[in-house]
Amino acid sequence: MKKLDRKQMAARVARDIPEGAYVNLGIGLPTLVADYLPKGREIILHSENGILGIGPKPPAGEEDEDLINAGKEPVTLLTGGCYFHHADSFAMIRGRHLDFAILGAFQVSTAGDLANWHTGAADAIPAVGGAMDLAVGAKKVLVMMEHLTKKGESKIVERCTYPLTGARCVDRIYTDLAVIDVKPDGLHVVETVEGLSFEELQRLTGVPLKRMLTAA
Amino acid sequence: MIDKFVATPAQALADLRDGATVMIGGFGNAGMPAELIDALIAQGARELTIVNNNAGNVDTGLAALLKAKRVRKILCSFPRQVDSWHFDALYRAGELELELVPQGTLAERIRAAGAGIGAFYTPTAFGTRLAEGKETRRIGDRDYVLEYPIHADYALIKADRADRWGNLVYRKSARNFGPIMAAAAKCTVVQVRETVELGALDPEAVVTPGIFVKRVVKVVPAQRKAA
Chain A
1 MKKLDRKQMA ARVARDIPEG AYVNLGIGLP TLVADYLPKG REIILHSENG
51 ILGIGPKPPA GEEDEDLINA GKEPVTLLTG GCYFHHADSF AMIRGRHLDF
101 AILGAFQVST AGDLANWHTG AADAIPAVGG AMDLAVGAKK VLVMMEHLTK
151 KGESKIVERC TYPLTGARCV DRIYTDLAVI DVKPDGLHVV ETVEGLSFEE
201 LQRLTGVPLK RMLTAA
Chain B
1 MIDKFVATPA QALADLRDGA TVMIGGFGNA GMPAELIDAL IAQGARELTI
51 VNNNAGNVDT GLAALLKAKR VRKILCSFPR QVDSWHFDAL YRAGELELEL
101 VPQGTLAERI RAAGAGIGAF YTPTAFGTRL AEGKETRRIG DRDYVLEYPI
151 HADYALIKAD RADRWGNLVY RKSARNFGPI MAAAAKCTVV QVRETVELGA
201 LDPEAVVTPG IFVKRVVKVV PAQRKAA
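Residue numbers (my numbering), protein chains in the order written: chain A, 1 to 216; chain B, 1 to 227.
These are computed hints drawn from the structure, not numbers from a lab. Hints may be right or wrong, so weigh each one.
[To be verified] Derived lysine-lysine pairs resembling PhoX-like cross-links, with alpha carbons at most 25 Å apart:
id: 1; chain 1: A; residue 1: Lys-57; chain 2: B; residue 2: Lys-67
id: 2; chain 1: A; residue 1: Lys-139; chain 2: A; residue 2: Lys-150
id: 3; chain 1: A; residue 1: Lys-150; chain 2: A; residue 2: Lys-57
id: 4; chain 1: B; residue 1: Lys-172; chain 2: A; residue 2: Lys-72
id: 5; chain 1: A; residue 1: Lys-183; chain 2: A; residue 2: Lys-140
id: 6; chain 1: A; residue 1: Lys-210; chain 2: A; residue 2: Lys-183
id: 7; chain 1: B; residue 1: Lys-67; chain 2: A; residue 2: Lys-72
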C-alpha cells in the first residue's frame with residue numbers, strides 16, 4: 001500500500017476545504033494544510049491569538065514580533081484580514097462561527113471522543129491551550145493523525161486511554177491510511193490509500209468499521 | 001485635568017503589594033509588557049498570583065519573575081513549552097501552584113470579571129479532567145461547565161499608542177489579552193511605544209477606552225539582552 005506522508009496528508013485534507021470557509025489549523029501537522037489549500041479558493045484562516053486572514057510566512061528578515069500565529073511563528077496578514085482580542089477570538093470558536101477546526105490527535109474513539117492534549121503520564125506538565133475550545137466549538141472538527149502508533153497500535157480506539165480533550169466532537173478522521181467519518185452509528189470508511197483493502201484496514205484498526213455506501 | 005501618564009515603570013508599580021493578583025498581557029512575546037515586568041521584579045513584591053496565557057519563555061520577562069521566586073500561583077493555559085525551563089523546574093519542585101485553564105475559558109473568565117458577570121456556563125472542557133469537581137448543567141441539548149470570573153489587583157499590558165485619558169490602540173496580534181485584562185483589574189498599567197495628544201487617536205478606532213486604564217508609561221524599547 002501507499003501510505004501518505006505528512007505533506008500528502010495535508011494536501012488530502014486541504015482538498016476538502018471549500019471556498020469561503022473559516023478554518024483554524026492546530027499546531028503541528030494541521031499547520032501544513034495551509035500550504036496545500038487550492039489556489040483560487042478564498043479560505044480564511046483563524047488564529048486563536050486574534051487574527052482572521054493569516055497569510056504566508058514572511059520572507060527572512062521581514063518577521064514582525066507583533067504578528068505571530070498560535071504556534072508563535074511569524075506570519076503575515078492577507079489584505080482584508082483583521083485583528084481582535086482574545087475573548088472575541090474564542091467567541092468565534094466557541095460560538096460556532098468557525099466552519100472547520102483541524103486538529104492533531106493521540107487518539108480518537110469510535111464515539112468521536114478526542115484525546116490530544118495530555119499523555120496522562122503522572123509527571124507530565126499539562127498544557128491545554130485552545131484545544132478544548134476548538135473541540136467543542138467548531139462546526140466541524142477534522143482530525144489529522146497517523147493511523148498507527150510507532151508500536152503499530154491503532155490510534156482509533158474503542159475508548160480513549162489518554163485524558164479527553166472533548167467528548168463526541170470529532171466529525172472526520174484523516175490518517176495516512178484512510179479517511180473515516182464518525183457518525184452516530186459508528187465509523188464509516190470514506191476512502192483508503194491505494195493498495196489498501198477495506199479488510200486490511202479493518203485488521204489494522206481493531207475497532208469495527210463500516211464501508212461507506214457510495215452513491216452511483 | 002486628567003493625566004494618566006506616569007514617568008517611569010517603577011513609579012507606575014510603586015504601590016503594588018505582596019500577595020497581589022497581577023494579570024500580565026501577551027501571547028508569547030507579542031504584547032508582553034517586558035519593561036513593566038522588569039520593574040515588577042525590581043519592585044520586589046512577593047507571593048504574587050499571576051494570570052497569563054503562558055508561564056514564561058527563556059530567561060526574561062515572566063520567566064525572570066518566576067526565577068526570582070516572586071510568584072506563588074499562576075493561572076494559564078499553556079505553561080509547558082520547549083523554553084519554559086524556569087516554570088518547569090519550580091513546578092516540579094512543588095514551589096509553584098498551577099491552575100490550568102483552557103485558553104478560551106481563561107479569556108472569558110477575564111472578560112467576565114471586567115464586565116461584572118458573576119459566573120457563566122461554557123461547553124469547553126465538559127467531560128474532561130479540567131472540569132472535574134465543577135458544577136455542570138445541561139442547557140438545551142448541550143452540557144456546560146460553570147466558570148467564575150478572574151479579578152485582578154493589577155493588569156500590566158502593552159499597547160502601541162495612548163493619550164493622557166488612557167485611550168489605547170494596539171499593534172497587530174500584540175492586542176491579544178490587553179483589552180480584556182485592562183477591564184478586569186482594579187489598577188491597569190499600560191506600557192506604550194508612543195504617547196499622543198488628546199484627539200490624535202481616531203475615536204472610531206480606539207480599542208480600549210480610557211475608563212479601563214489607570215496609568216500609562218511610555219517605554220523606549222531598550223535593546224534587550226539576548227537570551
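Check the hint pairing Lys-210 of chain A with Lys-183 of chain A against an upper bound of 25 Å on the C-alpha distance. holds (10 Å)
Agreement of Lys-57 of chain A and Lys-67 of chain B with the hint, judged by alpha carbon distance not exceeding 25 Å: Not satisfied, since the Cα-Cα distance of roughly 33 Å exceeds 25 Å.
Satisfaction of hint between Lys-72 of chain A and Lys-172 of chain B, Cα-Cα up to 25 Å: holds (13 Å)
Decide if the proposed pair is consistent with the structure: Lys-183 of chain A and Lys-140 of chain A, CA atoms, cutoff 25 Å inclusive. Judged against 25 Å, a Cα distance of about 12 Å means the pair holds.
Does the structure keep Lys-139 of chain A and Lys-150 of chain A at a Cα separation of 25 Å or less? Roughly 31 Å separates the two Cα atoms, so the pair is violated.
Within a Cα-Cα threshold of 25 Å, do Lys-150 of chain A and Lys-57 of chain A meet the stated pairing? violated (31 Å)
Below or equal to 25 Å on CA atoms is what counts here, so check Lys-67 of chain B against Lys-72 of chain A. holds (22 Å)
When held up to the earlier numbered hints, the structure conflicts with 1, 2, 3 and fits the remainder.
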